[in-house]
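The sequence shown runs 2 to 166 under this note's numbering.
In case anyone wonders, no lab produced these hints; they're calculated from the structure. Since the model is a prediction, treat every value here as computed from it, not as a measurement. One or more of the hints may lead you astray.
[Said to hold, decoys possible] Derived DSS-like pairs: lysine-lysine, alpha-carbon spacing no greater than 27 Å straight-line:
id : residue 1 : residue 2
1  : Lys161    : Lys10
2  : Lys44     : Lys164
3  : Lys164    : Lys10
4  : Lys122    : Lys161
5  : Lys10     : Lys44
6  : Lys122    : Lys44
7  : Lys10     : Lys122
8  : Lys122    : Lys164
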Amino acid sequence: MIDEQYVVKVGMAELDVITQQGLIRTTGLGSCVGLTLFDPQLKVGGLAHVMLPSSEIAREGALNIAKYADTAIPALYEQMLAIGAAPRRLVAKMAGGSQMFSFAGTGDSMRIGPRNVESCKIKLSDLGIPLLAEDTGGNFGRTIELDSETGILYVRSVQKGIKEL
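Whenever a hint applies, use it, and build me the whole structure from the sequences.
This is how it looks when you write it as structure tokens:
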């Protein structure tokens, strides 16, 4: 018999938290970064699927805060605190940030993946949250799942199989 596990799915440019035993998952991480926060004492986690490094480039009417590293991470942090997580216990893990395409004369604007990774690290540092592990870079896509019981981040890719962080 297969146990049905509770799963919270996070789409592109979305963020969410998990407050019960199960997994929080996002798929389709290319240049995007999947950033997780975890409180090991409460066993609660959060996940943001970050598409772009900075909200300064936002052109849409209503700002989607989950889309940008500089707004998604503080928003996820606040959601974690709202469900009882303690700032001093929070730890982060992340994956993604690939350079999916090669461009001649690659300017900084085409380095979305590496810039996403860098922006996430800056925001974590600003909030005083340690980054325990990462699986970033490369030129391949990833799917990630955070286990809210153990804090293990499972990173799946066609190229590398399943990795535990």
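Going down the list of hints, with the structure as the test:
The suggested pairing of Lys161 with Lys10 holds, with an alpha-carbon distance near 22 Å, which does not exceed 27 Å. Taken as a hint, the Lys44 and Lys164 pair is honoured in the structure, with Cα atoms around 21 Å apart against an allowance of 27 Å. At most 27 Å may separate the alpha-carbon atoms for a hinted pair to count; Lys164 and Lys10 meet this at roughly 19 Å. Between Lys122 and Lys161, the direct Cα distance comes to roughly 24 Å. Compliance with the 27 Å bound is thereby established for this hinted pair.
This hinted pair checks out: Lys10 and Lys44 have alpha carbons roughly 18 Å apart, not beyond 27 Å. Taking the CA atoms of Lys122 and Lys44, the gap is near 23 Å; set against the 27 Å cutoff, the hint holds. For the given pair, Lys10 sits about 23 Å from Lys122 by alpha-carbon distance, which is consistent with the 27 Å threshold. This hinted pair checks out: Lys122 and Lys164 have alpha carbons roughly 21 Å apart, not beyond 27 Å.
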